[in-house]
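Asks: Each chain, letter by letter, is given below.
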Amino acid sequence: MMTAREFSINGQLYRVAVDSSDTLLDVLRDKIGLTGTKKGCNVGDCGACLVVVDGLTMNSCLLLAAEMEGKSIATIEGIAVNGELSPVQKAFVGEGGVQCGYCTPGMVLSATTLLKENPDPTRDEIKSALSGNLCRCTGYTGILRAVERCGHYRDDGTCANKDGIGANKDGTGANKEGIGVKNGVIARKSDSNGDHIAGASGNGERRSDRSDKSGKFETVGVSVPRVDAVDKVTGRAIYTADIALPNMVYARILGSPIAHGIIKSIDTSRARALPGVLDVLTGDDVPDTMYGVSPARYDEYVLAKDKVRHHGDEVAAVAAIDEKTAEQAIALIDVEYEELPVVLDPMEAMDDGAPLLHERYKGNVNTHVDHSFGDVAGGFAKSVHVREEVFTGNTIYQCPMEPHAAIATWDPDGTLVLYTSTQVPHYVQYMMAHVLHMPLGKIRVIRPTVGGGFGGKAETTPLDLCAALFSRRLGRPVKMVYSREDMFLHGRGRHKQHMHFKIGVDAEGRIQAFSSKIYLDGGAYSSFGVATAYYAGSVIPTLYRIPSYKYDGYRVMTNKPASGAMRGHGVPQPRFAFECLLNMIADDLNIDPVEIRRRNAIEANEMTVNEMDIGSCEFLATLEAAADASKWVDKWGKLPKGKGIGIASGGFVSGAGYCIYRGQVQLSHEKPREPFVKKSIFPHSNAVVRISEDGMTAIVMIGAAEIGQGSDTVLTQMCAESLGIPMDRMRIHSDDSDFSPLDLGAYSSRVTLMAGFAVSRAGVAVFDKMRPYAAAMLNCDESEVEARDAKVFSRNDRDRTVAWEEVARKYFNENGPLVGTGCYKPPDGLGGDYKGSTVGTSPAYSFGTAICEVSVDLETGKIKIDRFTDYHDCGTPINPQAVHGQVEGAVAMGASETIYEDVQFDEKGLVLNPNLHGYMIMSIMDAPEIFSGLVDSYEPRGPFGAKEIGEGSTLPVLGAVAHAIANATGVWLKDLPITPEKVLAALREKRLRLGEEVGATQER
Amino acid sequence: MFVSNVELHEACTMDEAFALMDRLEDARILAGGTDLLVDLKVGRASACSLISIKRIDALKGIAERDGDWRIGALTTITELGASECVKTHLPVLIDATSKMAAPQIRNVATVGGNIVSAVPCADLPPVFLVLNAGVTVQSSEGERCIPLDSFFQHVRKTALRSDEMLTAIVVPKPPDRFGAAYARFSLRDGNSIAVAGVAAGLEFNERGEIVSARVSLGAVSPTPMLVADAEDILVGNPLDDDACVRVGDAAMGACSPICDVRGSDAFRREIVGILAGRALRLAQQRAMETPS
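Protein chains in written order, with the numbering used here: chain A, 1 to 1004; chain B, 10001 to 10292.
Rather than coming from a laboratory, the hints here were simulated on the basis of the structure.
Fair warning: this is a prediction, and the values are worked out from it, not measured in the lab.
All C-beta atoms, glycine included, are put in the ideal place defined by N, C-alpha and C.
Check each hint, because a few of them may be wrong.
Here are the computed lysine to aspartate or glutamate pairs in the EDC-like style, where the Cα-Cα straight-line distance is at most 16 Å [what the hints assert, rightly or not]:
#1 LYS10054/B x ASP54/A
#2 LYS982/A x ASP10265/B
#3 LYS864/A x ASP10265/B
#4 LYS10054/B x GLU339/A
#5 LYS116/A x GLU67/A
#6 LYS216/A x GLU786/A
#7 LYS71/A x ASP10189/B
#8 LYS264/A x ASP322/A
#9 LYS10054/B x GLU67/A
Beta-carbon label-pair distances, calculated as ranges [as the list claims (entries may be wrong)]:
#10 ARG10055/B x LEU912/A: 36 to 42 Å
#11 GLU10016/B x LEU912/A: 52 to 58 Å
#12 ARG993/A x GLU10084/B: 40 to 46 Å
#13 SER10098/B x ALA507/A: 33 to 39 Å
#14 CYS10259/B x VAL633/A: 18 to 24 Å
#15 VAL998/A x LYS10087/B: 47 to 53 Å
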């Protein structure tokens, strides 16, 4: 029933025709165009759609629009007045309260509403007020800080308003106005080495840098606000699902209701008959070309052709005039299945007679790794103490707050334009070319703002492919968006790993030998799994000196959504197991857990036993700093029952040493089968810098994917540094493959190092072109010319300067466009000469140590993670606030994984909790206090000495939580997630064991 | 995921609502909608029509009448938790309201909805049970009162007839030296769903002996329920550790929890035993604090 209704939104009246069943969320987004209100779950679990109605916060997904007449509605678009950000918005910008931005509108509105009623809330009141707004990026730390420090951003507030974003009067684009480089440090004085929470008193003095001739950087190493922060706090940031193209239609995918079966028939007639349905696709309509991630294991069709292998396996799709019609139509597709037995456990899947998922994977083994380095048998033989344990991981889903979305449209010249929510625009381009049999150059991939990925958006999706196919058939733009349930059913989360670990040590606890046998639960398709299976082994020896190492890994197919790559790719669960086992051994030998790490810690410039080339390494420094800051010696062994402290370490690659596919950038079908060579064929990251003709603005173009981690900001900083101009003269375009040259994307924690080199080299290339003109103007030698803060001068006479733009104009007058390019190739020859030696190679490795403190309710088993102290070696932090933001997010995500998260299945393989109330991620009420610190470090193989932080920061977390729980309860829990139920069971088992021992003693 | 095609009818008075209920086929009453709209989106419920009662003023507000408190069905969870009478006299309700879901849900969800939906994990029913509350239901024929302990029949099933609407919850004023508390267990603290809940209401005499006792359970049986044996165990004695354990055991025996993604039946049962003791102790503490 469509009726005209009048709504008061942000003080304006809107007259809109709405249907009885329309939610306020859909009306705001689709009918009024206020897309700052986000759809994250659509059932009231996440708070991304929060609006304020008559002064009260409400989830707009659970309000019928028709009932909103006469009410005063406020959305995020109404918070900034005439472009002037509100104090809350300024605080979110200045305090690092924004990352991917998808939760931000709801967070800002919740905080604004709270502060209106209660201008000086306690920390608990803030947490309570924001408890219905889920965030997956920030660990809530920057958000909490923003709300707490909001007063500093009021007009009568302190420095921030004057020096920082307050100057940004027009509220548009943080990097356009006002964020001066020098003044960019907002309300936090501590920079590269300072701690984070106690940062106000921190040490503002940055270390002098070895590569920088003048001894200090200008833009690098400074906590400037994110370049996209203002767009994100105002609701202006445009995500894929926010885009509407003229004449656009919508499509939805039908997933399998069973976990294993043969498709006997599909009848689409009822769906086609539904008014508004435009087209239907089934397996018969999609290309016969299989796709995937690892070229040796392409094993997916766009839509299932013969068989379904997991609950939700994509079977058919419908395009219709609107999304609701498409959704109604997929329910009218009649599919007849012959159900097959399911196998859900990887060990059982390897048994003879187990249901086979794919003919090509005998025994359901998708990947087998058999690695042995050094004298493993000898190492165990000479060990004084050997301990062997079995650990089990959990099935983790990334849960980015933004659901995947894609819009495809075809230009008249045959170019496919694909807007997609992805971490890897280039691989999407490569895979679209592969499936559609067309040149990469005819595919333009646009990556709008991405609301988090964590690995869940690191591959081409059926949305990308179906949208392209529909769009070609219909000649109209086609939009597709996953529901929250679709996301879980499509999967690609962290592999659940079953880990049999054995470590042998000498009397002092020095590791002599390590062996691991791991079964990875692969789910129904390969996805990233080949690499995952190798990563699960290869990165373990990068932390400790391990003289002999055996790894036996099996990635096995099961009837579950495919497992893929998630933050820390393959390593977090084995790292958890290793750190737990090391802590157990420390207990066995009565060695302090810090000390056993000290004795085994790897140091700079070592080669691991599996030939990973460690460059810079300040692992020991992170260990000492974390122990000091957490007051480890005062707490370890001295806490009351129910309180615990635990430690674990971890590190990761700063970018994969090799591309996922072999050979050059070219349509795969045209390429010969290429042998592996131990070098990069083409640069993994590439940038172009163009200077505007007046010399006032540098535009950097690079395909590196900003997914919320802050890459646009740190790349802008590095480029500005190399150009010698301030940030406010920079703009970055990383979202369009037509303008931004190839970068492999946001995975393997590669962007800071690899893309950082590309943009800084492009900046250097520009400046080198300016040198002769500057030298002539300054009357000095070209080699003496330097630039800083948009002034060009001779190193030998810094007082005499010419304006940077004047030099740039001179160049343009004589030569035309002032453009520089830069690229980065990983070093040749990385890795050993054994099978799988490429995985885990990297130009540089990060290191970190985390100490966790918990309280455990010994009666209910409930765990509260109180505090985290984390120190990391990430080389030079390009933007300390962004680095801390990554650590804080990783801590909350890792802690959440450890105690809450698990995708659960019934005995038939159906997913039981594909939503954000059954699958729980940490809320602000549960998040620990996080203290993030950085140690002094410099990586010669990284730009400005930088390495990674995003993924490595996850690695110590799981083990530290598990250790703290063991410390608090007296029992080790080796099976993730560590739920209250498991804690109680373990305590009961311990009591029984003790009882039996007492009984046995008495009998004697 | 969309709300299926429905016609929305907005009633401004009870009479309008009853007329619509009488006229419309396959209609559901819409109050806060935080459950119903989700059910309609995920296909757990279906309806051709929704009758919104949000504009009926008679269903709003908390009033004192004949020594009882009458809580209008449309009172939101936020309003309930913030009301002066609850803060002063019924703090046990805040044990529930402060932990239910999230603020933006509590701003919309209604007290009536939390009861009439009869979802097993709802937090208010066990609390109202120990407060000896009843519900007032109305139809075009008139009004009747149903004691809460005979209102719930099964999962999402109540004694409400299809022509009736729940209009208010009536809570009798507690006697002197009465205290009540609600102990709730959830896996996460923010935006959480109860895995188990135990409410206790205790009335003491001057000598510190229990005169009357009610213990109720939520989320661990198809309906919220009273623990029948609790009264026998408690009445006539002071509250001691042994009594807490015995009530816990009785509660564990009385419940019939399900096994789902939030925990096994055995775990829920174990938690119920712990929560019972905690609820009893806090109820006792509150009883001692109330002026006699």
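Asks: Do the Cβ positions of GLU10016/B and LEU912/A conform to the proposed distance bound of 52 to 58 Å?
Replies: Violated, since GLU10016/B and LEU912/A (Cβ atoms, about 42 Å apart) do not stay within the stated range.
Asks: Per the hint of 18 to 24 Å, is the separation of the Cβ atoms of CYS10259/B and VAL633/A within bounds?
Replies: Cβ of CYS10259/B to Cβ of VAL633/A: about 44 Å, so the range 18 to 24 Å is violated.
Asks: Does LYS982/A pair with ASP10265/B here, judged by a C-alpha cut-off of 16 Å?
Replies: Satisfied, since the Cα-Cα distance of roughly 13 Å is no more than 16 Å.
Asks: Evaluate the given range 40 to 46 Å for the C-beta pair formed by ARG993/A and GLU10084/B.
Replies: 53 Å, violated
Asks: Does GLU786/A sit within 16 Å of LYS216/A, going by the straight-line distance between their CA atoms?
Replies: 13 Å, holds
Asks: Holds or violated: LYS264/A and ASP322/A, Cα atoms, limit 16 Å.
Replies: 30 Å, violated
Asks: Run the distance test for LYS10054/B versus GLU339/A: straight-line Cα separation, threshold 16 Å.
Replies: Violated, because 47 Å separates the two Cα atoms, which is more than 16 Å.
Asks: Range first: 47 to 53 Å. Now tell me if the beta carbons of VAL998/A and LYS10087/B are that far apart.
Replies: 50 Å, holds
Asks: Is the straight-line distance between the alpha-carbon of LYS864/A and that of ASP10265/B 16 Å or less?
Replies: 23 Å, violated
Asks: Please verify whether LYS10054/B and GLU67/A have alpha carbons no more than 16 Å apart.
Replies: 9 Å, holds
Asks: So does ARG10055/B sit 36 to 42 Å from LEU912/A, Cβ to Cβ?
Replies: About 39 Å separates the Cβ atoms of ARG10055/B and LEU912/A, which means 36 to 42 Å holds.
Asks: Please work out if LYS116/A and GLU67/A have their alpha carbons no farther apart than 16 Å.
Replies: The hint is violated at about 25 Å.
In this structure, the hints that do not hold are numbers 3, 4, 5, 7, 8, 11, 12, 13 and 14, in rising order.
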